[in-house]
Amino acid sequence: MGQILRLSNISKTFPGVRALQGISLDLNEGEVHCLCGENGAGKSTLIKILSGAYQPDEGGEIFFDGKKASLSPRVAIERGIQTIYQEHIVFENLSVVENIFAGLEIKRGLFLDRKEMRRRTVEVLEYLKSRLDPDARMRDLSSGEQKVVEIAKGLVFKRRAIILDEPTASFSATEIENLLDIISTVKRNGIGFIYISHHLEEVFRIGDRVTVIRDGRVVGEHAMAGLTKSRLIKDMVGRDPSTFYQRDRVEPGELVFEARGVSGNGIRDLSFGLRRGEILGFAGMAGSGRSELMNVLFGSARLERGEILIRGRRVRHGNPKAAIRNKMCFITEDRQATGLFLPQTIAQNVAAANLVNIRSLVIRPSDEIRRGDEFVERLRIKTRDSTVLASTLSGGNQQKVVLAKWFNTNGEIYIFDEPTHGIDVGSKQEIYKIMVELLRQGKAIIMVSSDMPEVVSMSDRVIVLKAGRLSAELRREEITEENILSYSIGDSKI
Amino acid sequence: MIQPVAAGRKSGSKASLFKRHENLMPLSIFAGFILVIVSLQLFTQGFSKFPTFISPVNILNILQQVGVPGIVAVGMTLIMLSGGIDLSVGMLASLVSIVTASGITTWHLGVPASIAAGILVAVLLETLMGLIISRTKVEPFIITLGGMITFQGIALLVSNSREVILDGELNFLKVNLIQGAKDPATGLNLILPPYVLIFLLIVLLAGLVLTFTKFGRRIYAVGTNPQAAYLAGINVKNMRLSVYVIMGFLVGIGAVMLLARVNTGIISLGQNLEIDTIAMVVIGGTALKGGKGNILGTLIGVFFLGSIGNAMNMLRLPSEVQFVAKGLVVIVAITAGDISSKVSDYMTRRRDQSLARGDLATEGGGGGTE
Numbered sequence: 001m002g003q004i005l006r007l008s009n010i011s012k013t014f015p016g017v018r019a020l021q022g023i024s025l026d027l028n029e030g031e032v033h034c035l036c037g038e039n040g041a042g043k044s045t046l047i048k049i050l051s052g053a054y055q056p057d058e059g060g061e062i063f064f065d066g067k068k069a070s071l072s073p074r075v076a077i078e079r080g081i082q083t084i085y086q087e088h089i090v091f092e093n094l095s096v097v098e099n100i101f102a103g104l105e106i107k108r109g110l111f112l113d114r115k116e117m118r119r120r121t122v123e124v125l126e127y128l129k130s131r132l133d134p135d136a137r138m139r140d141l142s143s144g145e146q147k148v149v150e151i152a153k154g155l156v157f158k159r160r161a162i163i164l165d166e167p168t169a170s171f172s173a174t175e176i177e178n179l180l181d182i183i184s185t186v187k188r189n190g191i192g193f194i195y196i197s198h199h200l201e202e203v204f205r206i207g208d209r210v211t212v213i214r215d216g217r218v219v220g221e222h223a224m225a226g227l228t229k230s231r232l233i234k235d236m237v238g239r240d241p242s243t244f245y246q247r248d249r250v251e252p253g254e255l256v257f258e259a260r261g262v263s264g265n266g267i268r269d270l271s272f273g274l275r276r277g278e279i280l281g282f283a284g285m286a287g288s289g290r291s292e293l294m295n296v297l298f299g300s301a302r303l304e305r306g307e308i309l310i311r312g313r314r315v316r317h318g319n320p321k322a323a324i325r326n327k328m329c330f331i332t333e334d335r336q337a338t339g340l341f342l343p344q345t346i347a348q349n350v351a352a353a354n355l356v357n358i359r360s361l362v363i364r365p366s367d368e369i370r371r372g373d374e375f376v377e378r379l380r381i382k383t384r385d386s387t388v389l390a391s392t393l394s395g396g397n398q399q400k401v402v403l404a405k406w407f408n409t410n411g412e413i414y415i416f417d418e419p420t421h422g423i424d425v426g427s428k429q430e431i432y433k434i435m436v437e438l439l440r441q442g443k444a445i446i447m448v449s450s451d452m453p454e455v456v457s458m459s460d461r462v463i464v465l466k467a468g469r470l471s472a473e474l475r476r477e478e479i480t481e482e483n484i485l486s487y488s489i490g491d492s493k494i
Numbered sequence: 495m496i497q498p499v500a501a502g503r504k505s506g507s508k509a510s511l512f513k514r515h516e517n518l519m520p521l522s523i524f525a526g527f528i529l530v531i532v533s534l535q536l537f538t539q540g541f542s543k544f545p546t547f548i549s550p551v552n553i554l555n556i557l558q559q560v561g562v563p564g565i566v567a568v569g570m571t572l573i574m575l576s577g578g579i580d581l582s583v584g585m586l587a588s589l590v591s592i593v594t595a596s597g598i599t600t601w602h603l604g605v606p607a608s609i610a611a612g613i614l615v616a617v618l619l620e621t622l623m624g625l626i627i628s629r630t631k632v633e634p635f636i637i638t639l640g641g642m643i644t645f646q647g648i649a650l651l652v653s654n655s656r657e658v659i660l661d662g663e664l665n666f667l668k669v670n671l672i673q674g675a676k677d678p679a680t681g682l683n684l685i686l687p688p689y690v691l692i693f694l695l696i697v698l699l700a701g702l703v704l705t706f707t708k709f710g711r712r713i714y715a716v717g718t719n720p721q722a723a724y725l726a727g728i729n730v731k732n733m734r735l736s737v738y739v740i741m742g743f744l745v746g747i748g749a750v751m752l753l754a755r756v757n758t759g760i761i762s763l764g765q766n767l768e769i770d771t772i773a774m775v776v777i778g779g780t781a782l783k784g785g786k787g788n789i790l791g792t793l794i795g796v797f798f799l800g801s802i803g804n805a806m807n808m809l810r811l812p813s814e815v816q817f818v819a820k821g822l823v824v825i826v827a828i829t830a831g832d833i834s835s836k837v838s839d840y841m842t843r844r845r846d847q848s849l850a851r852g853d854l855a856t857e858g859g860g861g862g863t864e
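The listed protein sequences derive, respectively, from chains Y and H. Just so you know, the first sequence maps onto residues 1 to 494 in this note's numbering. Just so you know, the second sequence maps onto residues 495 to 864 in this note's numbering.
In short, the hints are calculated from the structure, not lab data. Each hint should be verified, as a subset may be incorrect.
Dumping the calculated BS3-like pairs for lysine-lysine here, alpha-carbon to alpha-carbon at most 27 Å [as the list claims (entries may be wrong)]: (1) Lys327/Y to Lys731/H; (2) Lys786/H to Lys321/Y; (3) Lys631/H to Lys321/Y; (4) Lys731/H to Lys321/Y; (5) Lys783/H to Lys321/Y; (6) Lys820/H to Lys836/H; (7) Lys783/H to Lys836/H; (8) Lys783/H to Lys631/H; (9) Lys327/Y to Lys708/H; (10) Lys708/H to Lys631/H; (11) Lys708/H to Lys321/Y.
Note that this is a predicted model, so its numbers are computed, not measured.
Chain H extracted, bound-state conformation (with noise of 0.2 Å):
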């Protein structure tokens, strides 16, 4: 039992800033699913077939699957980051591509100011809502509850209930970018739409921000301690504000993207939006209460809960065992992350305990012969 400790405690490479091992645990469970599939796949149709679950054609299709969840999780991770939380996201994605697509066909504002307009709506919808729940000490799941309401009755007042069908004129947003591709194993075309890349490209950004910059981490800090925080001369009511606000922005893209791959803007387009996104979210390792987590986290989640379905389809497994595997996935990432870090928690602990006693008891000596 001591050897192992004293062997860490020696080996013990600078640990990052962030403690990279947080996602461990997601990750872990991750791989373990994937390896369930793929093994499973190989007994049933025989080992001379490549496994299809893993073959690129099929990643990239759960890419182009999860991409709008995707981006959409990753200012769920900054809101919860900073302690907050967003319900209202799955409605306003909808109300957005109403807008857009509104916009395109009945309005005929073209097609750049439609796509402007329902970024807009968003971004203005969300930095509303942030400015209550910054200014107030209200529950951000009241508020955004309250929004999500009110986004589906704006929604369907805007389309008079009705579906908004476009005529491909967002199409140049779901372009393959690397027509003619195929896939090595099963022979079939591959495709790459721009908004997997715009996915790949926020998720960089939004790491890059939330570990090298001043505002990443202050989002850290509102979401540890809103009262040191404060003292520590953060003006924590502008952060709060500021990621709801991002969260607009990133909404509005997601939705656009959503708009071009269905082509018709509808209420039903963001229905489950927020309940895939905070799971993504909290499977990745992201605590509710704020200060947890980070986007290496949120993408293994996006990720996993986007491969759950694709899978399923694989092993001919009815769609709706779908929603159980992803209510028992979001259980079992949750009760394991919180059981292996009460462990890790109580390792660094009795290590770090033992360090300090070992050392006060040595100053103690010297200090009684004063």
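The shape of chain Y in the complex, shown without the other chains (with noise of 0.2 Å):
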């Protein structure tokens, strides 16, 4: 088995963060090399060194076939690595072939050769035993369809690598079967995969090798044969709980929120309440639910079954406007895309939320700005007054816009998902501390993170959940990294 590539101590700097330190990873001819770790543990900064659209920092080396080599995107892909990234990237409206040859297409003279291109993809389908339709339009095709599209494409043009991220996300148990059969099957032509999974049974199942990255470092490499599962969870957590965010606690109140056997937007009977005074953190891999919860929670996306309960009275919001007068209030997780009105002033975005619960018909400008200045001051937002645009703000100062503009509702419920996501650690213990605050004034928080040390400093009790139900509730004595990583890729408690 020859070495296809190495990479060997490479570390990756953004503005203020170090994603990757120190990493040295290798991949041979047919096997299946699986890298695991939390969420934001580095791999996806990985990847994107493999596939050459980041440069390593100074010191780090990637060699291929033993040579040293230095990789672009066309580089990459010139050498035979294949990136299939988590999101597609496909032609929606061009049909299979079309797809596999995109760029790359066979001419005769001047015209597409057509048949021949055909005839390749037809060959690699056969191969793998897929029974696609090589001229149906990949907009028709489901996504693990769609990701058989890109492997073939592999095989087609003889790639040496082939990179998945997290290929199996939105699949159906039969679409994971027939991916890691056709993984199996194409490994045996000598191509090696670095898979990339939250699913420890994938892992299992497929995996020669796995390499633990925490952190932006390696933890650990093992082979597949002789590893347990608690093995592989151990070296994923581990980090010194001491030296996590201490945050004062505050007694909790009396329930303020619940939720009974609360389905739909991929949510399946779930039951939970809150206290005043309590964060009800909500863990859980990538795609396990969390955010499609917390948009059926405030009235975004559809309640189909169960019930919500408001101070014991039960409510039926049927859209946001309806939960931010009962009260609640969402920091989403994208705070650009669906927080902040950019374009706008500091005033006007802290004024936005509000306006459900203004009666009067005029309102004077003054007064937003007024208002705007005290929260600026407040919160201490950085910038010179609330008449600045809420673009020419830093991460953090924009979330604190986003939260002045729910505090501005005078909400009792708060949801936050990933409350500190992309936002430096000055700002993030500002953020912290302005929670605990919120919890001295009798408010509950539910807040979603990936952000493991977040999860276990910050919690009162966790609640972790798998593929849209619950996996198990800890209180405040179990809240461990183990606890939660655990239940949230292995077993249930129940």
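Using the supplied hints, reconstruct the complex from the two chains, each of which is provided in its own coordinate frame.
What follows is the structure, given as structure tokens:
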């Protein structure tokens, strides 16, 4: 078994963040090398280095067939590395054949050699025992079938290495089986796979080797044979909890929010309660349905079954407007796409959600600016005043504008979806302080987070979701990284 | 380089909620345009004569010409601020004029009922398009394009492809409100018909609504980021619908005014109205993608586009040149607006970032000692 590629001492620094530190990794012919790690461990950055999209920092070396190489996206493809990203980058309106040959068409004279392209596609699809129609349009295929097309492309062009980033997200069980079978077939041709997945079952089924990454470093490399799940999970967690943020505790008050048998938007039969002065954390892997659940709770996705009670009264908020009237607030995960009005001023952003509660017809812009300035001062938003455009602020300050928008509604039940995503360390701590301050005022917080230290340090209780269902509910003393991770990817505690 | 920035910050008097400087670019281009025309007139006709372009009689003349497109441009501003567009207004205006004229002459409904019928038709048709646009994901461009073609067909069917001539029944809409007033410069009669006042009233009302009401604030929110607007409790669908309903009402009023002016309901009445009004709105700095712009800008755009033809006449240039000039004005205004906003964005960003960085640096130093 020859070595296809080897990374040695790869680091990658972004302004303010060290995404990777001294990573070494190699891939042999005909092997499936799995990469494991929590959300944000650095897997995606590593893939982008392999595909040539990012250049590693000084000192890192990449060897291809034993020779040193520097990768650009084009060189990577020429060398035979194919990256299949989590989000499909396909031409939806083109056929399977056209997608495989997009940009690399076979020509005869001036014209495309359709026959030859189709012949080669059919050949590979038959080899893979796939029943895909080569003339089907991509958009008519399921995401599982689309992945098969991309792997077929690797075979058609005799690629040497295929990188798969979370390929089975949104797959059905049979699609997963099918994909794993195809990978086993393809690897017999000497093609090496780098396989990234949250799903340990998949890793144990097709992996030959596994490398665990945590906080941008390699923490372990194991041969799959003889490895146990608990050993792998131990590798993935294992931070020192004393280094986590220490928050002040608040005595929980009365029950203010309750979900009973909530189903819809991919969530099945979930029940929980929330008290004043309490942070209820929601953990789980990407795709476990956490944000989907939050949308159901906030009325921005349909509640199919079950009921929601606020301060003991059953509510039926079919839209965010009603939810805001019921004193709910939703700090969404993607603040730029769904939280902010970027080309507008801070004052306008702050005023936006509270329009629901304003009875009077007339609004004075000067009042809004005064209100905006108050929040700029209170939340210490670093800017001149509230007439500055939201688009000119840094991530942390933008997040504070989103918070101000909700504080302005006088809400009581806060949903924080990834409260500190993409925010520098200093602003992170400020936001934690603000959250604790909310608890002191008797508000209640539901927090979704993929940042493990954040979940462990901030939550009073944690609900772990897996595939849209409750996997475990952890009490204060049970909240450890290890518990959360094993209930996220392993067995449920029921 | 540092000096003016620092000075700017110090003198940084409370900027208004809506960035008034957005209007500076169209306004300065317009001012430049007037300056060119006036000086051309002075040079060609001698300095002893008053430049007729800025004489009261001519300004009123321009106002008469832009009154109706101006009313529609107000509606177009609301729609474009919310992220939409309406290509159907021209043919809809023609349809309204034909319905109203037919109501008076052939259906004998009487003048008030005919006017009401015309406006009602416009509101209904715009509401229909608004319902489709707000309830589905189709492009407003396509739906209103389809509307434009359909309305043209309906108008031709209603009028049997003929013009409907009035007998001056709507003359009360073009009476001179300042009968007897004379232009001090030229001695010509000054004319101020009611629809000019109505236009100015609508502009004022729309400006107030956009700045001082919940409704106005929501239009901006929906146009800027519909997803965030929805999650902030705004009924995005109804907002999108309402701007089209308003447009229907404004087109109805505008078309009746137009009919009063020419005394004839005819398919060519609203021709190019959509193009002119969209041009007026974009010259005024309103963005096609929504959320950016205001009524004051539109008012400038309305006057700007309206005075081009007038100025060409004054300079005795052939009318064909008008189109070239109008087109160039749109291109120049938009390009200059984009360049200037890039420059000012860059300046504010640099200033704000250096401000933020300065604060962060001092704070980081304090935090590090913990």
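Here's how the hints hold up against the structure:
1. Lys327/Y to Lys731/H: Distance of about 23 Å is within 27 Å: holds.
2. Lys786/H to Lys321/Y: 24 Å, holds
3. Lys631/H to Lys321/Y: 21 Å, holds
4. Lys731/H to Lys321/Y: Measuring from Cα to Cα gives roughly 13 Å; hence the hint holds.
5. Lys783/H to Lys321/Y: 25 Å, holds
6. Lys820/H to Lys836/H: 24 Å, holds
7. Lys783/H to Lys836/H: Satisfied, since the Cα-Cα distance of roughly 16 Å is no more than 27 Å.
8. Lys783/H to Lys631/H: 15 Å, holds
9. Lys327/Y to Lys708/H: 20 Å, holds
10. Lys708/H to Lys631/H: Since the Cα atoms of Lys708/H and Lys631/H sit roughly 25 Å apart, the hinted pair holds (cutoff 27 Å).
11. Lys708/H to Lys321/Y: 14 Å, holds
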